[in-house]
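Chemist: These are the residues of each chain, in order.
Protein chains: 2
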Amino acid sequence: MADRLGATEREAALSELDGWEPVEGRDAIAKSFRFKTFNEAFGFMARVALRAEKLNHHPEWSNVYNRVDVTLSTHDAGGLTELDVKLAKSMDAYAKG
Amino acid sequence: MADRLGATEREAALSELDGWEPVEGRDAIAKSFRFKTFNEAFGFMARVALRAEKLNHHPEWSNVYNRVDVTLSTHDAGGLTELDVKLAKSMDAYAKG
Numbered sequence: 001m002a003d004r005l006g007a008t009e010r011e012a013a014l015s016e017l018d019g020w021e022p023v024e025g026r027d028a029i030a031k032s033f034r035f036k037t038f039n040e041a042f043g044f045m046a047r048v049a050l051r052a053e054k055l056n057h058h059p060e061w062s063n064v065y066n067r068v069d070v071t072l073s074t075h076d077a078g079g080l081t082e083l084d085v086k087l088a089k090s091m092d093a094y095a096k097g
Numbered sequence: 001m002a003d004r005l006g007a008t009e010r011e012a013a014l015s016e017l018d019g020w021e022p023v024e025g026r027d028a029i030a031k032s033f034r035f036k037t038f039n040e041a042f043g044f045m046a047r048v049a050l051r052a053e054k055l056n057h058h059p060e061w062s063n064v065y066n067r068v069d070v071t072l073s074t075h076d077a078g079g080l081t082e083l084d085v086k087l088a089k090s091m092d093a094y095a096k097g
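Taken in order, these protein sequences are the chains called W and L. Under the UniProt record's numbering, think of the first position of the first sequence as 1, with each following residue one higher. Under the UniProt record's numbering, think of the first position of the second sequence as 1, with each following residue one higher.
Since the hints were made in silico from the structure, they are not lab data. There could be a bad hint or two in this list.
Since the list gives no way to pick one copy over another, a pair counts as held whenever it fits inside one copy or between any two copies.
[To be verified] Capping the alpha-carbon separation at 25 Å, the derived lysine to any residue pairs in SDA-like fashion look like this:
(1) Lys-36 <-> Arg-10
(2) Lys-31 <-> Asp-18
(3) Lys-36 <-> Ala-77
(4) Lys-96 <-> Thr-8
Between the sequences and the hints, there should be enough to build the whole structure, so can you do that?
Modeler: Okay, structure coming up:
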């Protein structure tokens with residue numbers, strides 16, 4: 001199982017990510033992605049879904065038309081782990097197309 | 001553009017759907033779908049996405065692992081229309097596999 005990140009690791013991880021923010025009151029990170037259309041937003045979600053299934057680590061996310069709001073945390077570990085950082089990095093890459 | 005449903009049409013439409021509930025404080029309907037796995041949940045979402053794109057009418061939805069929570073309303077019409085009923089019926093059918 002992935003270990004929960006310590007404060008230093010957490011800070012280092014966040015600095016490598018693009019625009020992810022800590023979530024108030026939870027050991028989690030969140031980001032809102034905007035696309036041009038639903039087609040692009042769901043295309044992004046499909047890529048993330050395949051990656052999530054491969055990592056066996058899944059996002060909490062919502063979608064309204066061209067917007068995808070994502071929260072990442074590792075339930076089994078009770079907070080942020082390397083798995084969240086991996087998935088966040090993939091999402092940043094996919095969002096760039 | 002689709003017209004907002006009147007009270008009678010709305011009631012008739014809801015009675016044809018499987019487990020959709022009115023949303024408090026909004027002219028919208030909502031349903032929570034549960035699947036066995038993320039694979040099944042996202043498979044459902046992919047089918048709904050294709051249908052939504054064809055109808056040019058999109059859900060507000062969120063997903064956490066095997067759960068998909070959906071809210072339907074027609075923004076342009078300021079409430080529930082025949083488009084929401086069509087999309088809801090398709091979702092009910094897809095959820096049955």
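Chemist: None of the hints should be skipped; say for each whether it holds.
Modeler: So, going through the hints one by one against the coordinates:
When the C-alpha separation of Lys-36 and Arg-10 is checked against a cutoff of 25 Å, the pair qualifies neither within a copy, at 31 Å, nor between copies, at 32 Å. For the identical chains of this complex, Lys-31 and Asp-18 are intra-copy neighbours only, at 9 Å inside a copy versus 33 Å across copies, given an alpha-carbon limit of 25 Å. Within a single copy, Lys-36 and Ala-77 get their C-alpha atoms only as close as 35 Å, which misses the 25 Å cut-off; across copies the closest is 22 Å, which meets it. Taking the closest pair of Cα atoms, Lys-96 and Thr-8 never come within 25 Å of each other, the shortest separation being 28 Å inside a single copy and 47 Å across copies.
Checked against the numbered hints given earlier, the structure breaks hints 1 and 4 and satisfies all the rest.
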